[in-house]
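Undergrad: Please put together the full structure from these sequences, using the hints given.
2 protein chains.
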Amino acid sequence: MISFAIVGHLARTDGGFSLNDLPGSGGRMDVLCRCVNTSLFLSHDVRRDVDCYLVLCGEPAAPKTVRFSGNAVRSLSPDERSAGALIKKALDIPTGSEFREAAPGVSVRKGGLLRLMAEHTFAVLDETGSDVRTAETIPDAFILSDHLNFTDDEESLVTMCPRYSVGPTCLHADHTITVVLNELDRRRCGWKSTNR
Amino acid sequence: MISFAIVGHLARTDGGFSLNDLPGSGGRMDVLCRCVNTSLFLSHDVRRDVDCYLVLCGEPAAPKTVRFSGNAVRSLSPDERSAGALIKKALDIPTGSEFREAAPGVSVRKGGLLRLMAEHTFAVLDETGSDVRTAETIPDAFILSDHLNFTDDEESLVTMCPRYSVGPTCLHADHTITVVLNELDRRRCGWKSTNR
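Going down the list, the protein sequences come from chains A and B.
Note that the numbering used here has the first sequence beginning at 93, numbered continuously upward.
Note that the numbering used here has the second sequence beginning at 93, numbered continuously upward.
Read the hints as simulated data drawn from the structure, not as lab findings.
The beta-carbon is built from N, C-alpha and C at its ideal position, and this holds for glycine as well.
Hints are supplied without guarantee of correctness; some may be wrong.
Computed footprint of chain A on chain B, listed as stretches where at least three residues anywhere in the stretch have a Cβ under 8 Å from a Cβ of chain A [as the list claims (entries may be wrong)]: (1) 109-121; (2) 181-192.
Residues of chain A clear of chain B, computed beta-carbon distances all greater than 10 Å [claimed, not checked]: (3) M93; (4) L114; (5) P115; (6) P155; (7) N163; (8) S167; (9) G188; (10) S189; (11) R192; (12) G197; (13) G221; (14) P231; (15) E247; (16) S248; (17) C253; (18) C281.
Listed below are several chain A residues computed to face chain B (Cβ distance under 8 Å; list not exhaustive) [to be verified]: (19) H101; (20) L134; (21) E151; (22) G259; (23) T261.
TA: In structure tokens:
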């Protein structure tokens, strides 16, 4: 199983945002919707071995974590609005300390990065890390930040995590996920890396 | 300059689609909006050296081509709705045989793949091609199809183009663009490909 966790620093923690304004009313929920897309979608298929955790840190009830499970998700289309509608649905149900399913493959609980870090051995994806292509082995759980940098508190939580970069240019979180999954696909399928 | 051309087989060719339903009313315009995003966006920056051509083949006035020019585009945000609004604006102006600007960096003209092919030396990105990582040199212009395969007529147009694949799994068009740009970034910046 491969896990991606994306921290949405301003992302709303109730369903009170508009699907017509995911960036504004959702606290850049569009970024998280695109991360759901790149984590889970193949052409005409879904990556059944991927879980995507959205760590929502915005108003009014932070932190909450929404989990999209590739092996169970249905009714998810690739467009941002589709993921946004499922996030909204998850945030509209009563939230407890354990994951509760709001729709097939979409669950929500209270808590954020601290709790997730106790459950997974994460690597951080950011531009300061070592090249993921040159790594002998690649982890199976990754943390990324949204359009904002990690806060000081978050940095102190992830300070011991290995860090990987996907290339020489600083990419959006969703694009970074695409590149990591391509590297994982290639290794799994034995595609030789290069002959250059 | 790097160019991506994406064929939208059902994509509307007038502005009569809803930003609240890009997949349905727009003829899978969401696919094309995501291709604009992955072609042009870096983290907190725009790829000034990329042009993204959307070849729209749907009702009622096909074909039309909308061009997003990275070196001139403004007022474009990463969310699908933002690209969709600019496409809609382009499709709402009178369209002639030459590109006409509807917004900074966003232009439209009549004509489709046949005309574009006379202006660029394209490679096709699809799963049957050779591995882009192992190519001695990489082209600077690429054609992709949306969620549908190329038609027989399109296949006959691109039959002489070299074909490249980005990996062992069949990806969405926008994800494919991300992986190609990562490879181009790495080569431009001299990142060694691998030590495995």
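Undergrad: Report the numbers of all earlier hints that the structure fails to satisfy, in ascending order.
TA: Checked against the structure, the hints that fail are numbers 2, 4, 5, 18, 19 and 21, while the rest are satisfied.
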